[in-house]
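Enquirer: What follows is each chain in one-letter form.
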Amino acid sequence: MLNALITSLFAGLLQLDNVQVGQCLLSRPAFAGPLLGWLNGCPLEGARIGLLTELIYMDFIPIGGVVPPNGLVAAATAVLVRTWAGLPESLAFFIGIFAGFLYSDVEYRLRAARSRWNAKIEAEVTAGVINIERWLAGSLLMESSVTGAYIFVFSALVFIPTVFIRLSGLYTAMDFAYSLMPWLGLSGLYFRFRTQVYKK
Amino acid sequence: MSDEVKNKNSLPSPLTSRPSPLLSMFLRSFFIQAGWNYERLQNLGFVFSLMPALRRIYADAPRGVHGSPEPDVVQGAPPRRMVGQAAPEAFKSAVLRHLTVFNTQPYMTGFVIGNVAKMEEGLALRLRSGQAGRENSEVLEKNMQGIKQALASSFASIGDRVFWGRLKPLTTQLCIVVWLGAGFYGWLFTGAMSEVPVAVLFAGPGLGMAVYGAFAVYLRWVGLKKGYACGGGGNCGLDAMDWRKLIRRLSLAGFSLSLIIALAAFALLIEFNRGLVPAGDLALKIGLVLSVLAVHRLARKFGRSIFFAIGLILAASIVLFSVLKLPGFDIG
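Going down the list, the protein sequences come from chains A and B. Remember, our numbering sits 33 above the position in the first sequence when you count from 1. For the second sequence, position 51 matches number 50 in our numbering, and the numbering has no gaps at all.
Everything labelled a hint here was simulated from the structure, so no lab data went into it. Wrong hints could be hidden among the right ones.
[What the hints assert, rightly or not] Here are the simulated EDC-like pairs of lysine to aspartate or glutamate, each with C-alpha atoms no more than 16 Å apart in a straight line:
hint : chain 1 : residue 1 : chain 2 : residue 2
1    : B       : LYS224    : B       : ASP238
2    : A       : LYS153    : A       : GLU166
3    : B       : LYS284    : B       : ASP238
4    : B       : LYS167    : A       : ASP50
5    : B       : LYS324    : A       : ASP208
6    : B       : LYS284    : A       : ASP208
7    : A       : LYS153    : B       : GLU38
8    : B       : LYS284    : B       : GLU270
[Stated by the list, open to error] Per the computed footprint, the stretches of chain A lying under chain B, defined by three or more beta-carbons under 8 Å from a beta-carbon of chain B, are:
hint : stretch
9    : 58-69
10   : 86-96
11   : 120-130
12   : 162-171
13   : 207-213
All C-beta atoms in this analysis are idealised placements derived from N, C-alpha and C, irrespective of residue type, glycine included.
If we strip away everything but chain A, and leave its shape as in the complex, we get (with noise of 0.2 Å):
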């Protein structure tokens, strides 16, 4: 548990690369995956389930205000998942790509949440306080602490029941649909490319 409190806590800093600071691709998931795997003792699942992340998600693109799936969430839940969980590499894929499509929804509630601070702002420079710092370090912390809670407790969420419930029957349906993923995340390669060369 102290293990997956600190993955978790260690992801929400990763977070921060892939919106608020930088963006280096210290987030991505082909990154992110081994770096967290390393540090729960699955190095080589982690960068599997990192590529095949990025390799999935590669689909959106976040231009504007569109928030796509987050695939530093995926990668990270599903290691926890395959270490906190004892689960299946396949079924913790599958587990951390939703769980990283669900969580667009939470960074458009940050975002949407982060609108109702320029009216306080404006007010403050009016009144001669300029402190942008305090408030993008406020954005900074509350990106951060509210994905690495994400992410732990979607783990635990999938933790807990699994002490109860057996899903071996499911095992072998999802090592059979992990093997197909990296050719569909390579078609997506192929087909983002093809899109471009081929466009008039």
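Take the given structure of chain A and dock chain B to it, following the hints.
Expert: Okay, now just chain B, sitting in the frame of chain A:
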């Protein structure tokens, strides 16, 4: 030379005089998306990035919290015109001016920040030298906002195509190429458990990140300098590179790599199964892979996302293996 130009030339350029705030602005530009909100998008990050320039331009501007409002400032009142006024009132007006809607591609933001800093500098010089009347300053401010928004849109369009559309997927391809080169095929054959050094696992994404990061940092810095150098122009910085050619080349590189990776994947699939599984099983595996490509193609054709294809694959898998209880089977 007109009096105006003489006067302008006689004043030192605040942002290029040492210590220059350009480095601080560059570092702060990494936070351009901090505080992203739906009402005004990147406005908070933009003001944060521009702050060192504004502080320098309006030299006696406050730093950090400045909790003593001027006696004649009314809470919530619109900012006063700054004709003939010294900072911090002019500084506050400048900050409020840039708290409006702003959005561009984060790596291209330097072009806009540099440009706006230069325009702010010009406006401040005119105000200080008394050359700008109230109406004139309003026109200058409007002009500044217009150029800022126009540049932000243009660079957003270029940046989205260069970075999100091409360079980012290219880094994923580089990762796959490194892993293929180092003999890590586990990403393709999910059932295989090969021993791979951790360094290889990090080298894959690391190479792409290094290339991508270097170009992104270069553009942030060059954009800031170019934007400042040609500030005030509606097309300032747009000629910094031959974007069209760059985009075309990146597309071709990406497409070529996609083909190479796809061919390599099929070659590996055949090589790893030849002689180990019956020919019928190999044919079934290749058929399944082609079916996946067809499902994805159809999903795209009907405007469905990749999740639709994943849903179909999951549903079919559960029916086949969990309901009909077929024996286990996977591609790798």
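Enquirer: Confirm or reject each hint.
Expert: Hints, one by one, checked against the model:
1. B:LYS224 x B:ASP238: Since the Cα atoms of LYS224 (chain B) and ASP238 (chain B) sit roughly 13 Å apart, the hinted pair holds (cutoff 16 Å).
2. A:LYS153 x A:GLU166: Holds, because 14 Å separates the two Cα atoms, which is no more than 16 Å.
3. B:LYS284 x B:ASP238: violated, 50 Å
4. B:LYS167 x A:ASP50: holds, 14 Å
5. B:LYS324 x A:ASP208: Status holds; Cα separation ~14 Å.
6. B:LYS284 x A:ASP208: Given that 16 Å is the threshold and the Cα spacing comes to 14 Å, the pair holds.
7. A:LYS153 x B:GLU38: holds, 13 Å
8. B:LYS284 x B:GLU270: Cα-Cα ~13 Å, so holds.
9. 58-69: It holds: at least three residues are needed, and the stretch 58-69 of chain A offers 7 whose Cβ sits within less than 8 Å of chain B.
10. 86-96: holds (count 9)
11. 120-130: The restraint on the stretch 120-130 of chain A holds, since 4 of its residues have a Cβ under 8 Å from chain B and three suffice.
12. 162-171: holds (count 8)
13. 207-213: That given contact holds, which follows from 7 residues of the stretch 207-213 of chain A lying within Cβ reach (below 8 Å) of chain B.
In this structure, the one hint that does not hold is number 3.
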